[in-house]
Amino acid sequence: MITLPQELKTLLEDNNAIKVLGTVDGDGAPHVVFKDSITLLEDGNIAYAEELDSSQANKNMVRGIWFDKLVSITVGKGKKSYQVKARPVKCAIVGPLFRDFLARAKEQRGADADVQSVWIITPIDCRDQSREVRLEEERKKDPYYNIHLDRLKAEK
Amino acid sequence: MIKINSTKEISFKDIALRYPDFPRFIILKLDLYRRGIVCTDNILERMRKNVPLPLVLRDGSSVLSVLGGVGVAGEYLLEPYKIDLLDGKVGIFDGEEFLDEADFSPDPQFYGKKTSRGTPMESIAQARPQRLDVWVYRFCHFWEGGNQCRFCAVNAMFKSGVESTGRVSLDPKDISETIKEALKEPGRFSQVTVTGGADPGEDQKFNSETQRYIEVLQVIGENFSGSRFPSQLLSCGLSKKQLKRIHSETGLLSYCPDIEVWDKERFAWICPGKEKFIGWDGYVRSMLDAVEIFGSGRVYTNIVAGCEMAEPHGFKTEDEALKSNLEGCEYLAKRGVSMMSLVWRPARASLFHRQKQPSLDYYVRLAKGLHDIRVAYGLEIHSDDYKHCGNHADSDLCRID
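Chains A and B, in that order, give the protein sequences. Just so we're aligned, residue 517 is where the first sequence starts under my numbering, counting upward by one. Just so we're aligned, residue 172 is where the second sequence starts under my numbering, counting upward by one.
Derived by calculation from the structure, the hints in this document are not laboratory data. Where is the CB? At the ideal position from N, CA and C, for every residue including glycine. Please note: incorrect hints may appear among the correct ones.
[What the hints assert, rightly or not] Listing some non-contacts, in silico: residues in chain A with all C-beta distances to chain B over 10 Å: (1) Pro521; (2) Phe550; (3) Leu556; (4) Asp569; (5) Asn576; (6) Leu586; (7) Gln599; (8) Val610; (9) Gly611; (10) Ser633; (11) Pro639; (12) Gln645.
[Unchecked claim] If the Cβ cut is set under 8 Å, some of the chain A residues that face chain B in the computed set are: (13) Ala608; (14) Leu651; (15) Glu652.
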């Protein structure tokens, strides 16, 4: 497990941030969905709640834990954006964490809200995907790559 | 007398290498059932129980503990896996080698409470991770005259409870109150399963067993708002008339008469009570009738996989046994019935005690075969999947279908 930068931790804990889970199916086809329940746990893992055992995301998560496939989590708000590469490590269908996520779902969406499982995901890599940060990183690596000539022309 | 196999078993890790497209978790689960588990004193002290609740693997699937403990399970012929603490967490060990973390399913909130009659609620309904089991009748009459299934230890499992209470059947009011209390805990249960020992009754046609199940399902159903509720009945093979009554008079959703052994001749040998009172044809007919009543995909049956190879009359090779079971699965799948498998462990109180179990390789091939056939016939497993049951490696596989 890696230690996440504070800015990313803050985004993961922010209820107003956009949070996206990316997985792949058995054929390698990507599946990307919003998961507003994605949050940071005290031990540094990330967790989210699945509402359907039969969803494509859940099936891909099961495939992930069974065959050691990685998933991605993207979080963003305003101009800030991060991507986390992660490994599914646990599927909780009972217990304290499951109860907490279910209670939170009912708080947010009403008494009829339900949760089928809570996935715990261990981050193994992360990168700042904010536009300005990425552009600056690439510019530093090679200022003559990723640029059209008109931006380099002499001003007269 | 079967000799104890002293040669080293092929480990689950070797089997996992042999089947890279088969989930390691499920191979481990199969072998935990096959070889058995023992909990160290550290674990028992932490659980404060003699019989721990189901073990839950990291992928959310469960391994049910042997009810009744080692006294019923018998000694281990293969080296059992060890469940111990490692850095404060529950771990699965093969000898001294740590294999993986796991958890025990937590007690539901109704445990420790009593019904208005003073009955401990945990004696009425038992919790799996997401399932509530109600054993409404705790005696199997097939044992009278020695007609019990040869792999079965059910009467020994319930002996002490029945002796201490003096009752073999549960009171419907106790059941109703326990279910009501269980439903107060949000998200804790996804299904109620009702079962009990075989009771042919005076007419030997299972009418008393049918009536008992109807009464119990009705009092359970009073706790639900809709006409049906997620539920399964595991019973003897009932007649079409009996099944129609159950379907129309209760909210039951799915039905599972366990045939135990698919091969007809070995069924008669291994399950003499079932053969005497219902017969192999009666069981199959009951399943097919049930599909007409409950619908395709709502009818299940279990085989106690491996006991069809017991000596002296069982199949001599794993290939023969596999062929028979997969033929059975396909025959039933074509007709809307899902055949599931359980791992056979020869319990001390059973007639097959000390018989040799098949290899882990056999169980992997069987699980894959059963799953693939059901997929080919479009059968989805809902009432008997990893969450609503937890006992079947073959239905765990449907999680990624």
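Hints versus structure:
1. Pro521: 27 Å, holds
2. Phe550: Check passes; 22 Å lies beyond 10 Å.
3. Leu556: At about 20 Å from chain B, A/Leu556 clears the 10 Å cut-off, so the statement holds.
4. Asp569: Its Cβ does come within 10 Å of chain B, the nearest being 7 Å, so this is violated.
5. Asn576: The claim is violated: A/Asn576 sits with its nearest Cβ about 8 Å from chain B, within 10 Å.
6. Leu586: 16 Å, holds
7. Gln599: 25 Å, holds
8. Val610: Given a closest Cβ separation of 5 Å, the condition is violated.
9. Gly611: Given a closest Cβ separation of 6 Å, the condition is violated.
10. Ser633: Non-interface label on A/Ser633 violated, nearest chain B Cβ at 6 Å vs cutoff 10 Å.
11. Pro639: 17 Å, holds
12. Gln645: 29 Å, holds
13. Ala608: Where the cut-off is 8 Å and the nearest Cβ of chain B is about 7 Å from A/Ala608, the hint holds.
14. Leu651: With a minimum Cβ separation of about 39 Å from chain B (threshold 8 Å), the hint on A/Leu651 is violated.
15. Glu652: A/Glu652 check fails; min Cβ-Cβ to chain B is 40 Å, beyond 8 Å.
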